[in-house]
Every structure is written in C-alpha cells, then in structure tokens.
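Top line first, the protein sequences correspond to chains A and B.
Just so we're aligned, residue 948 is where the first sequence starts under the working numbering, counting upward by one.
Just so we're aligned, residue 948 is where the second sequence starts under the working numbering, counting upward by one.
Quick caveat, the hints were computed from the structure, so don't treat them as lab data.
For identical chains, the list gives no copy identity; a pair is met inside one copy or between any two copies.
Lysine-lysine pairs mimicking DSSO-like chemistry, simulated, CA-CA at most 27 Å apart:
(1) Lys994 / Lys1048
(2) Lys1019 / Lys1033
(3) Lys1048 / Lys1063
(4) Lys994 / Lys1033
(5) Lys961 / Lys1019
(6) Lys1063 / Lys961
(7) Lys1019 / Lys1041
(8) Lys1063 / Lys994
(9) Lys994 / Lys1041
(10) Lys1048 / Lys1028
(11) Lys1063 / Lys1033
(12) Lys961 / Lys1033
Residue strings, one per chain:
2 protein chains.
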Amino acid sequence: MKQDQINFADKFAKFNEQWSPRVIAEMNDYQFKLVKIQGEFTWHDHKDTDEVFIVIEGEMGIEFRDRVIHLKAGEMCVVSKGEEHKPFAEQECKVMIVEPKGVVNTGEAGGELTAKNDVYI
Amino acid sequence: MKQDQINFADKFAKFNEQWSPRVIAEMNDYQFKLVKIQGEFTWHDHKDTDEVFIVIEGEMGIEFRDRVIHLKAGEMCVVSKGEEHKPFAEQECKVMIVEPKGVVNTGEAGGELTAKNDVYI
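So that you can see chain A by itself, here it is in the shape it has in the complex:
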C-alpha cells in the first residue's frame, strides 16, 4: 500500500529482527528497505547492480577486499556492482538500503543470513 509520508522511526519500531530488510517504499523498479544490523554479515557481492547504504541511526562499517570504510548517521555509500563487501556494526545500527527489486541480501553467497525478499511494512 502506497503511503504519502514514510517516517523512518515509525517503520523501525515495527520490527526487531536483525539483518532482515523490510521494504518501506518502491520507486519504479527500485526498493527502499530498512534494516537493523549488528555483528558481521557475510562476504558477498551483487553481480548486476550497485547498492546504496544510508545510515539513519548509529554507526556501521563496510569491509572491502582492499579497505574498510566507516559510516555514521547522515552518511551514505555506494557499493559498486560486483565489488565484494561485508557490512558490520559493533552496536545495532539502523540503515536504509536502496537497490533494485529482487536483489538478494547475501548475493550468491547464501547462508543463514539470507533474508526473504519483499517483506513490506
């Protein structure tokens, strides 16, 4: 259901599960997803698309094969198509992800952190 005003805090209050993105909006064939992360994710890439991380609250990092970057609230990063990355966060961090509909969170790496797609809140 399309909503006019989407409030990030209200949406984050609707779920607690970590590493499990919820879709809050769609723009053309792209989705805006909220996710709570803590700990280390799986090394993976997305062969067909870039992926955007926007930190809404807290701090996170993204490990690449050649560097590590740190992001805090009010910052974003574009992970390039095909670039291996591993998100992590010491404390729980609230993040918005923007990417095309259908992207699997773990890429082709799979594993227990692979989340169901298209979970709308």
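Chain A is fixed; fit chain B onto it per the hints.
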C-alpha cells in the same frame, strides 16, 4: 569521482543556491541529489519516472492536485510517475532527491527555476 563515504552535512555546506540540485552519488543509472528549498516551486510532473524526496533537515510540503502532505527530517515520500506536484517550504529545508539520471527538476513545465542537470559536488 566516486567517494566511499558521503556526508550529507559536508555536501550541503558546499552550496547555498536554492532549488538547484547537486549530485552526490550515482547508483546504476540513478542519481542521489541534495537540494535546498524555500518558498514555492513550480507545478510539474515527471512523465517517465517516480521521484523520491527524503528530508534531511527541516520541514517541507508537497502539494498535489487532491491533497497536501508534510514531511520533516527522517521522513520520505515517493511521488508517482505522472502525478502533478508542487514542493514548498516555509523555512529553508534540506532534501535528498533520488531519481533516474536526466530528470529535469521542472519536468516539462520549464520556467526560471529549471536547474542545470549533472552538477556534481
């Protein structure tokens, strides 16, 4: 030039002109743009694409032909393809827009608020 960490406050400090979007990141063929708005924009639509508004600081509104919505920091809205809209803000408001590369800010309406595209900061 691709940057790993993009800080919204740092980017907003780089320009003062209102209604003049600056590109801060690209994801596939989409752009993330920052814009400072104040006053009333032009009625317009975008025939070929949805458009996302994310409020970073301050408050803004969007007038549609059948309703008015209000957005504040931490909120977003998707304006549907082809839907006429008129953004406005009483005080200066800092906004991030997400849309495909090449979208003209005033649609086909034109006028003096039409901004140059692809101004990167």
